[in-house]
Amino acid sequence: MTRYAMVIDQRRCIGCQSCTVACRTWNDLPIDEIYNPVVSEGVTGIFPHVHLTYKPLLCQHCDTPPCVPCCPTGASQQDEDGIVWVDPDKCMCCKVCVNACPYGARSKSHFEGFVRKCTFCKPRVEQGLQPNCVATCHQKARIFGDLDDPESQVSKLVRGMYTERTFEELGTEPQIYYIPDAGGQL
Amino acid sequence: MNRHYWSWPIATYLFLGGLGGGMLFLIFVFDRLTASGLLNSGYALTLSASGIAPVGVGVVEMVGIVVGLCALLFGTLLLIFELGQPKLFWRAFITKTSIIKWGAVLLTIALVFGVLWWTALTPWEWLHWTPWYGKEAFAVFCEIVAGSAGLAVTVYTGVLLSSMKSKPFWNTPALPVLFVVSALSTACAALTLCTTTTWTYFAGAEFTNPLMSMMVAPDQMVELNAQVLALVQEQAIELFHTLDIVLVFFELFVIFLYLLMMLGAGNKVANMVAKRWLIGSWAPLFWIGMILCGLVAPQIMYLVGGVLSETLAPVLVLASGLLLRFMIVFTVDRRDVPGEYKYYGRLPELNEEFITKDWTKTAWY
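Sequences listed follow chains A and B, in order. Numbered according to the working numbering, the first sequence spans residues 1 to 186. Numbered according to the working numbering, the second sequence spans residues 1001 to 1365.
Mixed in with the good hints there might be a few duds.
[Said to hold, decoys possible] Here are the computed distance ranges between Cβ atoms for each label pair:
| hint | chain 1 | residue 1 | chain 2 | residue 2 | range |
| --- | --- | --- | --- | --- | --- |
| 1 | B | Gly-1280 | A | Glu-80 | 38 to 48 Å |
| 2 | B | Phe-1138 | A | Pro-30 | 53 to 63 Å |
| 3 | B | Leu-1303 | A | Thr-64 | 42 to 52 Å |
These aren't lab readings, by the way, just hints derived from the structure by calculation. Glycine residues also receive a C-beta, built at the ideal position from the N, C-alpha and C atoms.
Just need the whole structure built from these sequences, with the hints factored in.
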């Protein structure tokens, strides 16, 4: 079995937003739709102990996604390899999945009448390539791979490092693992 | 940051669905489950071919079903045309798990059986060609199905919103309770209005209401005993008023309980939204519009009685029900990852504006 997941090393992310740009170019997104914003709380702490951390966000491709069972049309679906995606031919755009997602990862397309979201660049992954945001990350902060393969870099990192997941307490089992930049706190 | 993805058509639908479903359910309850048999007499009169027009609550019932069905139908149309691809609406029926699918099924059942129920009893002669006209057993069956589906519609709208894990303000079992109470109180107010209009219509000599004059032949009208009618209508109004007093009181109670629960909740977002209602930007609308004008004032009018209690009070209750749905849909928020607010605050709103805006005028040089 394959279970795609991503590890994001926040210690390496410098907030250059090139993953946002790469994603936007690849998916041909309008200006107000962003699959992977790179957010930051801003500078924290008191000099000399100041710190700046970036957190790239994207669809968490949850193990128990709230956006799939709520879809009345069967357009919102999850593959066996864990990728959550929307079939535009089936979507009637009731926006219930947009409301159900705790991560704000889905958006209604303004120009076409369906909901769309990050798909881990499904067509690229099927060809054995990396998703575009991973391929473009020059800091190697994004690491993509098969979690079920014990030899993959992703599963080694998840097993060997301290990782965090976003809103884990909601029980959605998100599959994006963050290696936090603790700012010297850990 | 206020992020609501649903807009006014959904809010209006939540109101209309509750109103229509609640009306079908209340008529079913008054008709079948009350010992007084107020509406049963209406039935008997409707069905008798002895020349007596359907009077009293029977008329209210006939009008009530039509109004309820129209509310449901209009709400369903709003739902369909709010979709990004209205052509694909039939796909809502094909999955098993989705709450929206169950909502679509319940709406269809309520609409179809509501229409069958009404056509089995209709006083309009041009509709008497249906094979099921006048079959009381069939009418009762349709009534039970439509009434139950109506209640289920009011419940499911609340369950749909409360199933959203992402919205802490919705994600509580108390939301369906609030929706059902509000739906029943608005439905009761609508029934009061139906009674008022039919009463003024029958009591006066001039029959100006086109809907009613279609229902009852003019020569039959003359025979109606005004005193008997007034008595029946008085009973009906009293029944609806008593019920609405209880329901509006209960609604006030549930709203404040809900907001207190959200204020006391450990969740920061739920807390913030409750503050938006109580002291924030929506507070004037909430305190003056919904609580004072929409619930407390009608309650006083109901208790005092008189003309206002039969005309203005039900309208205010209906308006407060609509406002409640709008506030629930529009004030909601999901929680953000730290920094997300700042990030999205910097983005342009829409592509078109970004492209067509004349940037040279605002350039710093």
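Now for the hints, and whether the structure bears them out:
Our hint of 38 to 48 Å for Gly-1280 of chain B and Glu-80 of chain A holds, since their Cβ atoms are close to 46 Å apart. Between Phe-1138 of chain B and Pro-30 of chain A the CB atoms are about 54 Å apart, so this pair conforms to the stated range of 53 to 63 Å. Checked against the given bound of 42 to 52 Å, the beta carbons of Leu-1303 of chain B and Thr-64 of chain A, roughly 51 Å apart, stay inside it.
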